[in-house]
Amino acid sequence: MLHTILDQPLSPWMKDGKAGQTIVLSSRIRLARNFQGIPFTSRGNQESLSLVDRQMRSLLTPLQKAYGQSVSKIDLDSLTQQERDVLVEKHLISPNLAEAGTHRSVLISEDSRISIMVNEEDHIRIQSMEAGLQLDAAYARAIAMDDAIEDKYTYAFSKQYGYLTACPSNVGTGLRASVMVHIPALAMTGKLQRMIRSIIRIGYSVRGLYGEGSEGLGHVYQISNQRTMGMSEEATIEQLTKVIQELVKEEEKARGELWTKDKEGLEDRLWRSYGVLRYARRLAGEESLALLSDIQLGMDMKLLPVKVNFNELLVITRPNFLGKLLGKESMGALERDSKRAEVLRNTIERGSIGT
Amino acid sequence: MICEQCGKQEATVHVTSIVNGTKTEHHLCADCQSKENGQTMFSSFFDDTLFANQFFSNALYPLGQGGKQCPTCGMTWGDFNRTGRLGCDQCYTAFQGQVEPLIKRMQGTITYEGRYPKRGAGHLHVEQQIQTLRKDLMKAVKEEQFEEACRIRDEIKQLTEQLKAQ
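Quick mapping for you: the protein sequence lines, in order, are chains A and B.
Numbering-wise, my numbering comes out as the position in the first sequence, counting from 1, plus 33.
Numbering-wise, my numbering comes out as the position in the second sequence, counting from 1, plus 16.
Hints are computed from structural coordinates only; laboratory data are not their basis.
Keep in mind that the hints are not guaranteed to be accurate.
To be verified - Derived DEER-like restraints, expressed as beta-carbon distance ranges:
1) Lys-155/B with Arg-311/A: 57 to 63 Å
2) Ala-268/A with Glu-143/B: 16 to 22 Å
3) Lys-151/B with Arg-311/A: 35 to 41 Å
4) Glu-143/B with Gln-114/A: 17 to 23 Å
5) Glu-319/A with Val-142/B: 44 to 50 Å
6) Leu-140/B with Gln-278/A: 32 to 38 Å
Claimed, not checked - When the alpha-carbon atoms are kept at most 16 Å apart in a straight line, the in silico EDC-like pairs for lysine to aspartate or glutamate are as follows:
7) Lys-192/A with Glu-177/B
8) Lys-192/A with Asp-95/B
9) Lys-224/A with Asp-184/A
10) Lys-134/B with Asp-184/A
What the hints assert, rightly or not - One side of the interface only, derived from the structure: several residues of chain B facing chain A at Cβ under 10 Å:
11) Glu-20
12) Glu-26
13) Ala-27
14) Val-31
15) Ile-119
16) Gln-123
17) Arg-131
For each residue, glycine too, the CB sits at the ideal point set by N, CA and C.
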């Protein structure tokens, strides 16, 4: 299964997703947990880290049973740095875990919906992903995994503070619910900053997925809850879902505006991007994100005759994924840009209908 | 007792140090001891390891500031300030006075409203269920859904008995 994960840009779960849900790319639920009586990761030693690792290994069968699919354990030490970085680019592990230390591993389900990090900031971090806005479904799967693990090993938990985590910013539910959205029209109509500010004001964090800080390359943003105390998991998810539904409405309104104000201007922009992707010989990461954003917008608004999977394309443009594709440990920037352009040319051509 | 370093001479210097709750003993002859530290026997009194000893650190940092330690993992509040991470589940009790206001500041509240572990907190799980049902019961009565209210009341009764049995 490791080969499939490292070589295929498209995680099986990305193929799902209801039609029309292309503004919300994916939903993610993350639960942070620690085992009782074992020092947290940063304070752990070889013995304690190894114990956590062994416990997780012994859980493969019950997890498989609970999920109904095969679950593989990948020891990060057995991978090259490039392979670890591919896992980061596919959102299966965090950059933190990729900086290899001992006894760090990840358990991944066959469809890649579930990935459980071992010995990151906390002993375990359960991640459950779904296409589109499906926080409920993602949460249900995460809880199933959580219960299967806790059935065998006792968690560090107190009635007072809930699930005990290494960082007090996670204590309580240990839940980070986040949604990845693609909001180009809000950016193009100048409404984005105000939208981001109002979301932050209600207590959520908004982060550009690509680029430094909140740069928002490709108009892709991640919106997550901040609080893990004072609110139940269900309430957290319900509230975030509502916020995203409002955001989607605003994005759709903005798209309508683009259409009515200057449809031809919009078409011009989108077709130009299409042209570049179809014929360019070198594409840098930043530029390709902007171009892909236009392709997705063009697809959504039925202005471009293309059928491609945005999630898949986003992964394809990532440097380490490309490196792995080329079978090279390290590549010069130009070589990478050339390969990127080639892969995108082929993918866009394959996905083009009648042009 | 023979010196643990050279294995030849009689050990005359015995040093017991307690670091992070772990006690270690060293037995050296005078020669190896001075070679080891490049110092005299008495100067080893000012060896760092002795200051890590809880007794001394409490004297230097009174009132549980930098030197206060978690008895289980040995982490200090100073460590937390540096790394932003606690050392173990017991730290939440050991540093309650400092952690609680921090949580209050970060999260706006120190009340936990989330779920309980399914197996491990068995009775707490049931307690939480009863709490939720009570809220539902009040809602049902308010909305004059009396049949539903009866059903919920019976469920509460059943769970309460289950709880007593545990």
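Against the structure, the hints:
1. Lys-155/B with Arg-311/A: 57 to 63 Å: Holds: the Cβ-Cβ distance is about 59 Å, inside 57 to 63 Å.
2. Ala-268/A with Glu-143/B: 16 to 22 Å: 19 Å, holds
3. Lys-151/B with Arg-311/A: 35 to 41 Å: Taking Cβ atoms as reference, Lys-151/B and Arg-311/A lie about 59 Å apart, which means the hint is violated.
4. Glu-143/B with Gln-114/A: 17 to 23 Å: 48 Å, violated
5. Glu-319/A with Val-142/B: 44 to 50 Å: At roughly 54 Å between Cβ atoms, Val-142/B and Glu-319/A fall outside 44 to 50 Å, so the hint is violated.
6. Leu-140/B with Gln-278/A: 32 to 38 Å: 33 Å, holds
7. Lys-192/A with Glu-177/B: Given pair Lys-192/A, Glu-177/B is violated - Cα atoms ~21 Å apart, limit 16 Å.
8. Lys-192/A with Asp-95/B: 26 Å, violated
9. Lys-224/A with Asp-184/A: 48 Å, violated
10. Lys-134/B with Asp-184/A: 7 Å, holds
11. Glu-20: 24 Å, violated
12. Glu-26: Nearest chain A Cβ about 35 Å off; hint violated.
13. Ala-27: With a minimum Cβ separation of about 29 Å from chain A (threshold 10 Å), the hint on Ala-27/B is violated.
14. Val-31: Interface hint status for Val-31/B: violated (24 Å vs cutoff 10 Å).
15. Ile-119: Hint holds; Ile-119/B Cβ to chain A Cβ min 5 Å, cut 10 Å.
16. Gln-123: 4 Å, holds
17. Arg-131: 6 Å, holds
In this structure, the hints that do not hold are numbers 3, 4, 5, 7, 8, 9, 11, 12, 13 and 14, in rising order.
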